[in-house]
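Note that the UniProt record's numbering gives residue 129 to position 129 of the sequence shown, counting from 1, and the numbers run on in steps of one.
Don't read these hints as lab results, they were simulated from the structure. Be aware that a few hints might be false.
Derived SDA-like pairs (lysine to any residue); straight-line CA-CA distance at most 20 angstroms [said to hold, decoys possible]:
1) Lys58 <-> Ser96
2) Lys33 <-> Thr46
3) Lys111 <-> Gly131
4) Lys14 <-> Lys111
5) Lys58 <-> Val47
Pair ranges (Cβ atoms, derived) [unchecked claim]:
6) Ala35 <-> His121: 19 to 27 angstroms
7) Leu105 <-> Arg39: 46 to 54 angstroms
8) Lys14 <-> Glu101: 35 to 43 angstroms
9) Tyr13 <-> Val128: 17 to 25 angstroms
The beta carbon of each residue, even a glycine, is placed where N, CA and C say it ideally should be.
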Amino acid sequence: EPLEEAVDSDTLYKIVDYGDVVASLQRLQSAVKRAGLVRVEQSLSTVQALLVGPLFSKALATHNRIQEVWPHDNPPRPVTHQAQSLARDCIENLHSSSRQEAVELCEILGKFELEALLYAHDSVAREVFAGPATTGELPTSTAMPPTDQAVAPRSKAPTPVHDDEDSNIKIIKIEKT
1 EPLEEAVDSD TLYKIVDYGD VVASLQRLQS AVKRAGLVRV EQSLSTVQAL
51 LVGPLFSKAL ATHNRIQEVW PHDNPPRPVT HQAQSLARDC IENLHSSSRQ
101 EAVELCEILG KFELEALLYA HDSVAREVFA GPATTGELPT STAMPPTDQA
151 VAPRSKAPTP VHDDEDSNIK IIKIEKT
């Protein structure tokens, strides 16, 4: 039976306890040692070194937090396929402002990491909008209004979906109003 079929499709969406991961690895190491598989033992030692590092526990905590709030069975559809362009327009419009909020927003929108995230978003959005049965043209009703039109300010600030005082991970949900 192929591995893909053996793994439940919901496995990726489950909350995973760090202790369970470590315990599973220890059980696997014991079984491999009993079987005398030296090469596999060495590989598992490398895996163990990664698991005990702070990056893995942080990644696992992020995964678990997302699973708590993300509706994996009904993910939201993208609103536009031009998020990068909209971010650049925002930077251009706010560049001459001296307000602290505008300066901070320009700094955030201009960061390489956010630009890469918006690029990835736009790539996925193009595929979602195109769909398998269409010609590849994007529906006009899903695009954001042109930047020269007046847009009403948001009536709501981003709302925290999950707020844990002990964590550096904050997930917010921004609702279009």
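**OP:** Could you tell me which of the numbered hints above are not met by this structure, giving the numbers in increasing order?
**Re:** 1, 3, 4 and 6
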